[in-house]
Amino acid sequence: MRTSVLTTAAAVAFGLVACSNNTSTYKDETETFIEDTDGEMAEAQDKVFTNAECDEPESTEVGTMYTCTATDEEGTTYVFDAEIDSENSFIVQTGVPQER
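Just so you know, we're using my numbering here: the sequence shown kicks off at 3 and counts up by one.
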């Protein structure tokens with residue numbers, strides 16, 4: 003599976019899904035992608051995220067959107083929008099901190 007991070011500064015990262023292309027695979031792979039301490043999301047936001055939780059996408063169709071949350075090292079919760087952008091691939095937009 004290929005993944006991508008989109009930021010307002012146009013940083014991009016792509017995630018790839020394993021061959022078993024189902025909605026739970028997208029959910030699991032996106033959570034792993036967000037939590038990758040050496041990955042593109044950590045680099046794009048200059049933060050390490052833990053406790054990533056994603057909604058399971060409604061389908062595996064291109065264009066399907068789903069939402070994730072994760073916590074940074076200071077305890078702030080971020081919301082991430084994800085989209086299936088092609089077969090076995092998703093894009094994750096840079097997380098936005100939730101207001102406390």
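To be clear, the hints were calculated from the coordinates, so they are not data collected in a lab. Please read all numbers here as calculations on a predicted model, not as lab measurements. Every residue gets a Cβ at the ideal spot worked out from N, C-alpha and C, and that includes glycine. One or more hints might be untrue.
[To be verified] Using 20 Å as the maximum straight-line C-alpha spacing, the simulated SDA-like pairs for lysine to any residue come out as follows:
| no. | residue 1 | residue 2 |
| --- | --- | --- |
| 1 | Lys49 | Asn90 |
| 2 | Lys49 | Gln100 |
| 3 | Lys29 | Glu101 |
| 4 | Lys29 | Glu76 |
| 5 | Lys29 | Tyr68 |
| 6 | Lys49 | Thr69 |
| 7 | Lys49 | Glu33 |
| 8 | Lys49 | Thr34 |
| 9 | Lys29 | Thr52 |
| 10 | Lys29 | Asp83 |
| 11 | Lys29 | Val98 |
| 12 | Lys49 | Gly77 |
| 13 | Lys29 | Glu42 |
| 14 | Lys29 | Gly41 |
[Claimed, not checked] Restraint-style ranges between C-beta atoms, simulated for each label pair:
| no. | residue 1 | residue 2 | range |
| --- | --- | --- | --- |
| 15 | Thr34 | Ser88 | 14 to 20 Å |
| 16 | Glu63 | Thr39 | 29 to 35 Å |
| 17 | Asn24 | Glu101 | 22 to 28 Å |
| 18 | Glu101 | Thr25 | 26 to 32 Å |
| 19 | Thr69 | Asn24 | 17 to 23 Å |
| 20 | Glu63 | Thr34 | 19 to 25 Å |
| 21 | Val98 | Thr66 | 18 to 24 Å |
| 22 | Pro99 | Asn23 | 28 to 34 Å |
Evaluated hints:
| no. | hint | verdict |
| --- | --- | --- |
| 1 | Lys49 with Asn90 | violated, 26 Å |
| 2 | Lys49 with Gln100 | holds, 15 Å |
| 3 | Lys29 with Glu101 | violated, 24 Å |
| 4 | Lys29 with Glu76 | violated, 24 Å |
| 5 | Lys29 with Tyr68 | holds, 9 Å |
| 6 | Lys49 with Thr69 | holds, 19 Å |
| 7 | Lys49 with Glu33 | holds, 15 Å |
| 8 | Lys49 with Thr34 | holds, 15 Å |
| 9 | Lys29 with Thr52 | holds, 15 Å |
| 10 | Lys29 with Asp83 | holds, 12 Å |
| 11 | Lys29 with Val98 | holds, 19 Å |
| 12 | Lys49 with Gly77 | holds, 11 Å |
| 13 | Lys29 with Glu42 | holds, 17 Å |
| 14 | Lys29 with Gly41 | holds, 17 Å |
| 15 | Thr34 with Ser88: 14 to 20 Å | holds, 19 Å |
| 16 | Glu63 with Thr39: 29 to 35 Å | holds, 31 Å |
| 17 | Asn24 with Glu101: 22 to 28 Å | violated, 34 Å |
| 18 | Glu101 with Thr25: 26 to 32 Å | holds, 29 Å |
| 19 | Thr69 with Asn24: 17 to 23 Å | holds, 18 Å |
| 20 | Glu63 with Thr34: 19 to 25 Å | holds, 22 Å |
| 21 | Val98 with Thr66: 18 to 24 Å | holds, 20 Å |
| 22 | Pro99 with Asn23: 28 to 34 Å | holds, 32 Å |
Hint compliance for this structure: hints 1, 3, 4, 17 are not met, and every other hint is.
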